[in-house]
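Whenever a hint applies, use it, and build me the whole structure from the sequences.
Protein chains: 2
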Amino acid sequence: MTDIASIETLLAAASAAHAPFAALRPAVRAGLLRRMALALDSAAADLIPIAQQETKLPEARLKGELSRTTFQLRLFADVLLDGAYLEATIDSADPKWPPAPRPDLRRMLLPVGPVVVFAASNFPFAFSVAGGDTASALAAGCPVVLKAHPGHPRLGDRTADVVRAALREGGAPEGTFAIFHGDEAGRAALLDPRIKAGAFTGSTHGGRALFDLASSRPVPIPFYAEMGSVNPVFVTESAARARGAEYLDSYTLGAGQFCTKPGFLFVPESAAEEIELRLVAGILDRAAAPLLNERIATGYSSVLGKLRAHPAIRMIHAGQETGSGPGPTLLGTTAKSLVAQRDELLVECFGPTSVVVRYAGEDELIASARIFAGELTASIHGESGDAIAPQLFAELSERAGRVLWNGWPTGVAVSHAMHHGGPYPSTTSALHTSVGPTSIRRFLRPVCYQSVPQNLLPEALQDANPLDIPRAVDGKPPRR
Amino acid sequence: MTDIASIETLLAAASAAHAPFAALRPAVRAGLLRRMALALDSAAADLIPIAQQETKLPEARLKGELSRTTFQLRLFADVLLDGAYLEATIDSADPKWPPAPRPDLRRMLLPVGPVVVFAASNFPFAFSVAGGDTASALAAGCPVVLKAHPGHPRLGDRTADVVRAALREGGAPEGTFAIFHGDEAGRAALLDPRIKAGAFTGSTHGGRALFDLASSRPVPIPFYAEMGSVNPVFVTESAARARGAEYLDSYTLGAGQFCTKPGFLFVPESAAEEIELRLVAGILDRAAAPLLNERIATGYSSVLGKLRAHPAIRMIHAGQETGSGPGPTLLGTTAKSLVAQRDELLVECFGPTSVVVRYAGEDELIASARIFAGELTASIHGESGDAIAPQLFAELSERAGRVLWNGWPTGVAVSHAMHHGGPYPSTTSALHTSVGPTSIRRFLRPVCYQSVPQNLLPEALQDANPLDIPRAVDGKPPRR
Numbered sequence: 001m002t003d004i005a006s007i008e009t010l011l012a013a014a015s016a017a018h019a020p021f022a023a024l025r026p027a028v029r030a031g032l033l034r035r036m037a038l039a040l041d042s043a044a045a046d047l048i049p050i051a052q053q054e055t056k057l058p059e060a061r062l063k064g065e066l067s068r069t070t071f072q073l074r075l076f077a078d079v080l081l082d083g084a085y086l087e088a089t090i091d092s093a094d095p096k097w098p099p100a101p102r103p104d105l106r107r108m109l110l111p112v113g114p115v116v117v118f119a120a121s122n123f124p125f126a127f128s129v130a131g132g133d134t135a136s137a138l139a140a141g142c143p144v145v146l147k148a149h150p151g152h153p154r155l156g157d158r159t160a161d162v163v164r165a166a167l168r169e170g171g172a173p174e175g176t177f178a179i180f181h182g183d184e185a186g187r188a189a190l191l192d193p194r195i196k197a198g199a200f201t202g203s204t205h206g207g208r209a210l211f212d213l214a215s216s217r218p219v220p221i222p223f224y225a226e227m228g229s230v231n232p233v234f235v236t237e238s239a240a241r242a243r244g245a246e247y248l249d250s251y252t253l254g255a256g257q258f259c260t261k262p263g264f265l266f267v268p269e270s271a272a273e274e275i276e277l278r279l280v281a282g283i284l285d286r287a288a289a290p291l292l293n294e295r296i297a298t299g300y301s302s303v304l305g306k307l308r309a310h311p312a313i314r315m316i317h318a319g320q321e322t323g324s325g326p327g328p329t330l331l332g333t334t335a336k337s338l339v340a341q342r343d344e345l346l347v348e349c350f351g352p353t354s355v356v357v358r359y360a361g362e363d364e365l366i367a368s369a370r371i372f373a374g375e376l377t378a379s380i381h382g383e384s385g386d387a388i389a390p391q392l393f394a395e396l397s398e399r400a401g402r403v404l405w406n407g408w409p410t411g412v413a414v415s416h417a418m419h420h421g422g423p424y425p426s427t428t429s430a431l432h433t434s435v436g437p438t439s440i441r442r443f444l445r446p447v448c449y450q451s452v453p454q455n456l457l458p459e460a461l462q463d464a465n466p467l468d469i470p471r472a473v474d475g476k477p478p479r480r
Numbered sequence: 001m002t003d004i005a006s007i008e009t010l011l012a013a014a015s016a017a018h019a020p021f022a023a024l025r026p027a028v029r030a031g032l033l034r035r036m037a038l039a040l041d042s043a044a045a046d047l048i049p050i051a052q053q054e055t056k057l058p059e060a061r062l063k064g065e066l067s068r069t070t071f072q073l074r075l076f077a078d079v080l081l082d083g084a085y086l087e088a089t090i091d092s093a094d095p096k097w098p099p100a101p102r103p104d105l106r107r108m109l110l111p112v113g114p115v116v117v118f119a120a121s122n123f124p125f126a127f128s129v130a131g132g133d134t135a136s137a138l139a140a141g142c143p144v145v146l147k148a149h150p151g152h153p154r155l156g157d158r159t160a161d162v163v164r165a166a167l168r169e170g171g172a173p174e175g176t177f178a179i180f181h182g183d184e185a186g187r188a189a190l191l192d193p194r195i196k197a198g199a200f201t202g203s204t205h206g207g208r209a210l211f212d213l214a215s216s217r218p219v220p221i222p223f224y225a226e227m228g229s230v231n232p233v234f235v236t237e238s239a240a241r242a243r244g245a246e247y248l249d250s251y252t253l254g255a256g257q258f259c260t261k262p263g264f265l266f267v268p269e270s271a272a273e274e275i276e277l278r279l280v281a282g283i284l285d286r287a288a289a290p291l292l293n294e295r296i297a298t299g300y301s302s303v304l305g306k307l308r309a310h311p312a313i314r315m316i317h318a319g320q321e322t323g324s325g326p327g328p329t330l331l332g333t334t335a336k337s338l339v340a341q342r343d344e345l346l347v348e349c350f351g352p353t354s355v356v357v358r359y360a361g362e363d364e365l366i367a368s369a370r371i372f373a374g375e376l377t378a379s380i381h382g383e384s385g386d387a388i389a390p391q392l393f394a395e396l397s398e399r400a401g402r403v404l405w406n407g408w409p410t411g412v413a414v415s416h417a418m419h420h421g422g423p424y425p426s427t428t429s430a431l432h433t434s435v436g437p438t439s440i441r442r443f444l445r446p447v448c449y450q451s452v453p454q455n456l457l458p459e460a461l462q463d464a465n466p467l468d469i470p471r472a473v474d475g476k477p478p479r480r
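Sequence order for the protein chains is A and B.
Sequential numbering of the first sequence, starting at 1, is according to this note's numbering.
Sequential numbering of the second sequence, starting at 1, is according to this note's numbering.
Treat the hints as calculated values from the structure; they're not laboratory data.
Do not take every clue at face value.
Because identical chains share one entry, a pair is satisfied inside a single copy or across any pair of copies.
With a straight-line cut-off of 20 Å between C-alpha atoms, the simulated EDC-like cross-links for lysine to aspartate or glutamate are [what the hints assert, rightly or not]: (1) K306 - E321; (2) K56 - D463; (3) K306 - E294; (4) K96 - D78; (5) K476 - D82; (6) K476 - E87; (7) K56 - E321; (8) K56 - D249; (9) K63 - E383; (10) K63 - E321; (11) K476 - D161; (12) K336 - D183; (13) K476 - D386; (14) K336 - D46; (15) K476 - D78; (16) K56 - D46; (17) K63 - D157.
Right under this line is the structure:
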């Protein structure tokens, strides 16, 4: 565990790094992100085995995850080079502007300052040390102090070494990135006045506790927590024929330890038995996979145990506990029971368990959709002519950050149009994403310069546009 | 006061209005905003006298404020017609996207749902019933329930009548807008699960209390409070010659009851006496103006009394209390005292009082700039060659939402590049503005649609682009 004196040292360093790091041109920060990506790719042979050891995740998955992580860094570098993310906006002085003459006004986004990031356990690369939160904060121009996840402490330290070396070699200020360990140190960092924002991926309980701390500070700060989600999937009557195997793939991917794992599959009564039989047949072919760590295994057993004991829950297939981990479990219930007893039944079971929910008719389907408050994803399996689809689609759009058609929610593409977020309790801020370029915006604040002379203006707002970035001038669409 | 049963009725109506109001095309909502603007302009002869009576503000000021309010509604209508505010983003399916094939992803912003707005006292039009918070929430597509300010209850009701009639005639769903009265009802609305965001303009104390309520809800919601600010103005040594009269105009505008009133004027010791003399000469020419209401008058006397009694404060000119209100008061102190005793001295005195702060040398100037934590504005009066300007500018950019050069902070243009916000305690969210088109973003959340067929997609994201809005396709800049 990092002691409080050490935390003080790294917060002081992050704070000292803020101004020089913020002052780097976006293209220079892009270079730093690319250096980080290259260094991480080059260190794969070193990092992957440690990750395998600490997380028990298979090599192929970890390699893919590392690729995704470095791809994200490179994508963010492209975003910095493009420069539109700065939202540079120039309104020339206009003596005729109503209702009073307008002075010269120029707006852009500036980094908020040092950010504390809490790493997740289930993505030891993509949502950990060099993951999306770190990448987006650094892209924004904010120094990062990162709380390592105790599930992969050695990997955390080793990844941090690679990141720090890349930043140092690229000329970033000392203090731009630091790692520390321990919950107490994490709380101390979050409460420190030098920290201007926080980001987290993990449980609802943990995320909410930290959000409450962040909001209760004398100076409250934004705290972006990506928390639980049960990612319901709704299969319409007409689509209930040929679906099944992919659901199994999705809910057992990563041993079910994904925030986008489909936790509830709604199927029409008429087709339920056949679907369940097909699912069970598929399960029998699957090897059990180990869970990430002891704490997650204990949590999984406990939640699963409570669900199994519930009178409204039927066991469809009990996963065998093998030496290597729990096999996939399939539970069953009815929409009527789920709607009536949502507080007990609508829980996230983090591991290879999912619940098949039988619904009788479209009214029950819509009533089921309405019990969800805030989800990262919601999916519909349907046919193009389904009369119920528009209403179901509208209900789910209100409740989820991503709505899928004939797809499964695991697999979150790092892409411009991605939104990985959603209404509470899936996150603490429905306005923001933790994946994709717009995640950078979480760590930027606008500032407006009024009648400021050219020599004082940031380059992004100078008349000559030396950064060659798109800018919106006098209300016209942004262009270079 | 609105009773709790009535609050229940109007929250139910707002909640019922959410889906149909959100479903209106942006162009239809633009039409509603224009109708509101026209109706308010047409009702000026009715509204202005009530406003004069209730706020004691002069007619010319109120007329200008109403113009500003309706201009803002029309500007937001233009923003809706343009459509870029939806941030429509389309990523085509790409089998070669790294690290895994990318499905078709389409992102846009959706209204968060019903918003509670707390009206301010000092701008009975521009930050009240039909002011910026209401305009931006309605523009976003969110129904509004508005807590009237007790300082102008009749004007509030009358303005709400005009707004409701315009909305009704334009075909908006019932429940799109409602007004209510009373603090208890305000808290009940803020805590209601049907409310998805809150906005406020007023005191730090009031704003923080409501922010804490919003954050402590079982489902926390964003609460955008625009609160106190002392808006420091720094006059450099070289610029200390010809400034003065405008400062007086700025700090006495609206009897000093502006959130952007310059509360502290930093002047070099060498020029201080001359500047003070000139200011006092100017004050003698000014008539006293009444304050908005009894509560503000009492608060003003109390804060001014404490400042006057402080040993580090020198009276430069004591404002005469006349029948019509307090005359302008000018206090003095030194930068050294202010830095050392900031907790007692750095207070917002809401009314016609400001403090001249004498600094000795540039070190004291920079040290003074650093005591400000979060301000709506900070201003520099300088000459282009000032060697201290870049450092002072950098310090103030960190601390304020708007940085002015050779200007005075009162007068907030409604314009694309405006940012009216700033780090805490000037607001509860440094990322957002309460003036200008980007204020609409406070009430929008992103959603991503994955592989959704054309007939289910919102028009904004359909291939044919029936709304003819700018969209970013495959990472390219937005275009129609």
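Hint by hint, here is what the structure shows:
Taking the shortest Cα distances, K306 and E321 sit within 20 Å of each other inside one copy (17 Å), while across copies they are farther apart (72 Å). Taking CA atoms no more than 20 Å apart as the test, K56 paired with D463 passes in neither setting, with 55 Å inside one copy and 44 Å between copies. Taking the shortest alpha-carbon separations for K306 and E294, only the intra-copy value of 18 Å comes in at or below 20 Å, while the best inter-copy value is 60 Å. Taking CA atoms no more than 20 Å apart as the test, K96 paired with D78 passes between copies only; the shortest distance there is 18 Å, against 39 Å inside one copy.
When the C-alpha separation of K476 and D82 is checked against a cutoff of 20 Å, the pair qualifies both within a copy, at 18 Å, and between copies, at 10 Å. For the identical chains of this complex, K476 and E87 are neighbours both inside a copy (13 Å) and across copies (15 Å), given an alpha-carbon limit of 20 Å. Proximity of K56 and E321 under a CA criterion of 20 Å is satisfied intra-copy only: 16 Å inside one chain copy versus 77 Å between copies. For the homomeric pair K56 and D249, the shortest alpha-carbon distance inside one copy (19 Å) is at most 20 Å, but the shortest distance between copies (69 Å) is not.
For the homomeric pair K63 and E383, neither the shortest alpha-carbon distance inside one copy (36 Å) nor that between copies (58 Å) is at most 20 Å. Proximity of K63 and E321 under a CA criterion of 20 Å is satisfied in neither setting, with 27 Å inside one chain copy and 76 Å between copies. In this homomeric assembly, K476 and D161 never come within 20 Å of each other (Cα to Cα): the closest approach is 45 Å inside a single copy and 35 Å across copies. Proximity of K336 and D183 under a CA criterion of 20 Å is satisfied in neither setting, with 41 Å inside one chain copy and 40 Å between copies.
Within a single copy, K476 and D386 get their C-alpha atoms no closer than 42 Å, and across copies no closer than 34 Å, so neither meets the 20 Å cut-off. When the C-alpha separation of K336 and D46 is checked against a cutoff of 20 Å, the pair qualifies neither within a copy, at 52 Å, nor between copies, at 56 Å. In this assembly of identical chains, K476 and D78 lie within 20 Å of each other by CA distance solely across copies; the values are 11 Å between and 24 Å within a copy. In this homomeric assembly, K56 and D46 come within 20 Å of each other (Cα to Cα) only inside a single copy, at 16 Å, whereas the closest approach across copies is 73 Å.
For the homomeric pair K63 and D157, the shortest alpha-carbon distance inside one copy (18 Å) is at most 20 Å, but the shortest distance between copies (63 Å) is not.
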